[in-house]
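Colleague: The residues making up each chain are set out below.
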Amino acid sequence: QQQVRQSSQSLTVWEGETAILNCSYENSAFDYFPWYQQFPGEGPALLIAIRSVSDKKEDGRFTIFFNKREKNLSLHIKDSQPGDSATYFCAATASSGSWQLIFGSGTQLTVMP
Amino acid sequence: NAGVIQTPRHKVTGKGQEATLWCEPISGHSAVFWYRQTIVQGLEFLTYFRNQAPIDDSGMPKERFSAQMPNQSHSTLKIQSTQPQDSAVYLCASSSGGSETLYFGSGTRLTVL
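Protein chains in written order, with the working numbering: chain S, 315 to 427; chain Z, 54 to 166.
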């Protein structure tokens, strides 16, 4: 049973477009949702995160939109660049729990120049 | 700050042999996590230490896998009698007390022949 689900295994966009990566979750206790970015040969690195009390978090070209009622969230990458080509993982945890971060299966983003 | 250091980067073992993977967390970080990454299963939580004490090992296969944190500067993951299905990238991450941000190492790629 996948607690955190990413709907697309892969996504291709052109340079300058907005890439939209989707994620959904099942556990209502989850209240912290980070997105991690991973390049080949490296470990994942935190990109941006949101708490369930917010519906939007913006950091430069990266924005998370969060819908608590629908239990889904999306990562928007504005003005995509070839250097954004990587795998993006949505994750979730319950701050009051044992602090185990549950990851989605990842979306491999390719930005074509 | 060198980040989380994992050694070795690559390890090849024969079926039935033992493998020990090492992790040096970021200095001052009180929590250490181990994850396993495969194409099929994605990022799977294995175990978690806080202040060197084991907190949650719910993701650890009950047989053959063990993890220790003998001091605040390193943790080990030991796999006894390795099997081909243990082949994966094993990732270690650390975080500071009070922060949910995980800082990952580059991982150890274990190949069991």
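Hints were generated in silico from the structure; no laboratory data involved.
Be aware that a few hints might be false.
Partial pick of chain Z residues on the chain S-facing surface, computed with a CB cut under 7 angstroms [claimed, not checked]: (1) E116; (2) F118; (3) T154; (4) S159.
To give an idea of the chain Z side of the interface with chain S (calculated C-beta under 10 angstroms), a few residues [said to hold, decoys possible]: (5) K68; (6) E71; (7) W75; (8) H82; (9) A84; (10) Q90; (11) I108; (12) D109.
Here a beta-carbon is modelled for each residue, glycine too, at the ideal position from N, C-alpha and C.
Colleague: Confirm or reject each hint.
Modeller: These are the hints, each one checked on the structure:
no.: 1; hint: E116; result: violated (21 angstroms)
no.: 2; hint: F118; result: violated (16 angstroms)
no.: 3; hint: T154; result: holds (5 angstroms)
no.: 4; hint: S159; result: holds (5 angstroms)
no.: 5; hint: K68; result: violated (26 angstroms)
no.: 6; hint: E71; result: violated (24 angstroms)
no.: 7; hint: W75; result: violated (15 angstroms)
no.: 8; hint: H82; result: violated (13 angstroms)
no.: 9; hint: A84; result: holds (8 angstroms)
no.: 10; hint: Q90; result: holds (9 angstroms)
no.: 11; hint: I108; result: holds (6 angstroms)
no.: 12; hint: D109; result: holds (4 angstroms)
Hints 1, 2, 5, 6, 7, 8, counting from the list given before, are not met by this structure.
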